[in-house]
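There are 2 protein chains.
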Amino acid sequence: MAVGACYPKGFSAGVAVCGMKRSGKADLALLASDRPASAAGVFTTNRVVAAPVTVSRAQIQAGAARAIVTNSGSANACTGARGRDDAWAMVQAAAGALGIPPSQVLVASTGVIGQPLPIDDVVAGIGRAADAMAGTHGRQAANAIRTTDRFAKLAQTSVELPGGRVRIGGIAKGAGMIRPDMATTLAHLTMDAEVPPATLRRMLRQASAASFNAISVDGCTSTNDCVFVLANGASGVAADGPRVVRLLTEALEELMLDLAKQVVRDGEGSTRVCVWTVSGALTGPEARVAARGVAENVLVKCALHGGDPNWGRILAALGAAGVHLDPDRVAVDLGGVPVVRHGAGVSGSAADARSALTADEVAVDIALGIGAGSATVIASDLSPDYVHFNSSSTS
Amino acid sequence: MAVGACYPKGFSAGVAVCGMKRSGKADLALLASDRPASAAGVFTTNRVVAAPVTVSRAQIQAGAARAIVTNSGSANACTGARGRDDAWAMVQAAAGALGIPPSQVLVASTGVIGQPLPIDDVVAGIGRAADAMAGTHGRQAANAIRTTDRFAKLAQTSVELPGGRVRIGGIAKGAGMIRPDMATTLAHLTMDAEVPPATLRRMLRQASAASFNAISVDGCTSTNDCVFVLANGASGVAADGPRVVRLLTEALEELMLDLAKQVVRDGEGSTRVCVWTVSGALTGPEARVAARGVAENVLVKCALHGGDPNWGRILAALGAAGVHLDPDRVAVDLGGVPVVRHGAGVSGSAADARSALTADEVAVDIALGIGAGSATVIASDLSPDYVHFNSSSTS
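These protein sequence lines are chains A and B, in that order.
Each number in this note's numbering comes from the position in the first sequence (counting from 1) with 5 added on.
Each number in this note's numbering comes from the position in the second sequence (counting from 1) with 5 added on.
In case anyone wonders, no lab produced these hints; they're calculated from the structure.
Every residue gets a Cβ at the ideal spot worked out from N, C-alpha and C, and that includes glycine.
Hints may be right or wrong, so weigh each one.
What the hints assert, rightly or not - Pairwise CB distance ranges, derived in the manner of DEER restraints: (1) Lys-30(B) to Thr-288(A): 45 to 51 Å; (2) Pro-290(A) to Ala-377(B): 50 to 56 Å; (3) Lys-30(B) to Glu-259(A): 29 to 35 Å; (4) Asp-365(B) to Arg-87(A): 33 to 39 Å.
Use the sequences and the hints to build the structure in full.
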């Protein structure tokens, strides 16, 4: 089946086993377009970046790429000059195997920080993956970039534009369990619309804001995060004019939000997804800071895990967020149940709120009542399992 | 024995049971000087503040106070107008019982946010505590302000000044276990030196920076944090001149650091204290931001709990701290073992680092190599127990 990043026309994938996963499963994915494509990317904001991030940032400047080569099992981060050589070697190997210029290849890695790649095995694997390219390998590719994700993350959709139907697809990896150092997030998105690079960059930035940039498992940014999008025009439909671009951006954002929620749902030890919306903040950015402050507060996340409608912790987290706040105006609804009004508890609300918190996905709406800024953050809870997995040894 | 906050001359304490602790133990402490005293305080930076914080902030403006009344079991936070009335009622009751003006009384609360105080029981308890005042009740007072702390936190010291010996004492409460909402930190400090209020304020601010403001259990500031210091001059020794003030400040800081470390050691579920020192940052404030960023990083805290020398997470946390950083210059020593040089792992260091991490207290030294800024943060690890306790229900 043509699914995930292979759903749009002209995209295929191949995978290989290079021996970086103890399970012996595929740990290398090659994703390619059968024709030139526009490309855009967003990268981790961490100041310590893995070698593949440095390489792909340079590669993507030109706004064009036809292939993405990704390994899991080792992040190729903090590996010095050797790491950069290895990332370039992956690019060269993919370009050679696919018969395209090296400038058309992006590279990504995910896994343990600080361990060098078994580069000879990786290069050999790239050759095997290139030999196995097929449009039916979307799920294989999603599996190959998993580290300890409980499930593969892929999504596909289509959107009817004035010029015809366009397909969009994508794969992502989340924060898995057991091997704890894999909390890096990668996503590879594809579409068969024809989109100029500058437009594609704007689309990706906008669609990222409300999806991958709005999620949190543990508030830790990684050295390897990157989201790539390739648009190859195979549908023959061009993204012309603001209205078409808007429709396409909305479809991309919806697909990315789907993938982003899959990542949160699969957060290490996660048992619950919480959608935090702060409204009535002084500004939009302050709403975002407040929403992140609450969503990432360790005590709030523990209460959420326990299904405990502990609104006192939410207020304390809001107060610590560093945004403008009038505590006497704050209102909080947990799963639609009003629990705080005018900064104090709504008496008799505890039982209803506790019941609302039994759902797998819970909306918490916080109204600050001082402005028009709003923002949403999607986050997991914090469970003892998260700590267990992340306390276990790397070696 | 005259210990803790009753160690300096002229200070006494009394406690009472008001029924706010399920255990039936004392939950109210009255601490008083037998003569007028200078007073200073530092308060939570949270914008949501409990009623007693609002009241004590107003009271301490004058720079004089003779008594501190504290209850545990309920934070009297987010309790609206009733909460403020209750805090003032505690002040009035303590003043009446001790026969001093209400303007001379500070008030503090610690416990669950959002529950109103059983104020009649608290007022009655204040009367009983006043009847029981004695200079030998320092440990009783330290116990009465505990919530679920595993041990009482008290310290005392003396310092020889040119004018004679001065005593300093203090009690604090930490983040206890089991009842999880108690992550509020209070500290009451006393000394029998004679110190003008303005000098005392400066001393407290300075001594707080490297003690209570340098610790972290979970990175969550509370609605109730406050540290008070009273100086009653009962020793007959005045803090005159910069040299004497410096000696006294150093002694106060040492005592506060002792108490602060007790708080971290007793952090909920804590099994290890980690002293994070960042040096070579561009500025002092950046060093502090970097040290906090690493010390409070959830993945780093998990690794510390597991005794896992996972320096990759430390570098990723540094990179996310938002400070100036040249990854290729970073050096990290774990418990004295060099694990990172020039931003990459020191090969063969894992076994030694793992062994160093078995200690109860571990120093991690991070050198950024780009400036002269340095800072230290003392933090606990993150254990599954922390999450267990903080996931359990409030009701």
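Going through the hints against the structure:
no., hint, result
1, Lys-30(B) to Thr-288(A): 45 to 51 Å, "holds (47 Å)"
2, Pro-290(A) to Ala-377(B): 50 to 56 Å, "violated (32 Å)"
3, Lys-30(B) to Glu-259(A): 29 to 35 Å, "violated (56 Å)"
4, Asp-365(B) to Arg-87(A): 33 to 39 Å, "holds (37 Å)"
Checked against the numbered hints above, the structure breaks hints 2 and 3 and satisfies the rest.
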